[in-house]
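Student: Sequence:
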Amino acid sequence: MAAVQVGVRLPLFARHREDADVDARDAELRALQQQRDDARRAQLADVARTVAAWRGWNAQVARDETTLLALAHDRARTALAAYAGGGALQPWLDADNAEIQTRLSYVDALAARARAWVELAYLLPEEQP
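The numbering used here applies: residue 126 is where the sequence shown begins, and numbers increase by one.
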């Protein structure tokens, strides 16, 4: 008696194996898309925060230029004129110190505005041709 054995590999449930692979890749793709979306939202929040800071510093600089610097300068000149007319020295020294402090505050605002601008320049991509 002779026996013959034949072995054939049939993918009986190949569909189930392929579905599992496809499902795993879909889950991986969804996770990557969520990570990308989270990173994009974080970058947009950074840009919005920096733009708001830059606009705030712009308003501060404009206010300093239009009102505070002129008022401090006028106060110091008035105190100097009073001293020249025989008044006390201390009011002029106080007014001059206040003018210097106002100018230093103005310079700080200019520096903060410039830092915000630089941060924006690095956050926003340049246009590519």
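Incorrect hints may have been included.
Said to hold, decoys possible - Between beta-carbon pairs, the in silico distance windows are:
#, residue 1, residue 2, range
1, Asp163, Tyr247, 12 to 22 Å
2, Leu245, Leu218, 36 to 46 Å
3, Ala206, Ser230, 19 to 29 Å
4, Asp163, Ala239, 49 to 59 Å
5, Gln226, Asn183, 33 to 43 Å
I should point out that these hints are in silico values taken from the structure, not numbers from a laboratory. Predicted model only: the values in this text are computed from it and were never measured. Ideal placement from N, C-alpha and C gives every residue a C-beta, glycine not left out.
Student: With respect to the beta-carbon atoms only, verify the hint that Gln226 and Asn183 lie 33 to 43 Å apart.
Tutor: violated, 21 Å
Student: So the hint says 36 to 46 Å: do the beta-carbon atoms of Leu245 and Leu218 match that?
Tutor: holds, 41 Å
Student: At the C-beta level, are Asp163 and Ala239 separated by a distance inside 49 to 59 Å?
Tutor: Check failed, 31 Å falls outside 49 to 59 Å.
Student: Is 12 to 22 Å a correct range for the gap between the Cβ atoms of Asp163 and Tyr247?
Tutor: Given a distance of about 20 Å, which is inside 12 to 22 Å, the answer is holds.
Student: In this structure, is the beta-carbon distance linking Ala206 and Ser230 contained in 19 to 29 Å?
Tutor: holds, 25 Å
The structure fails hints 4 and 5 (numbered hints given earlier, in ascending order).
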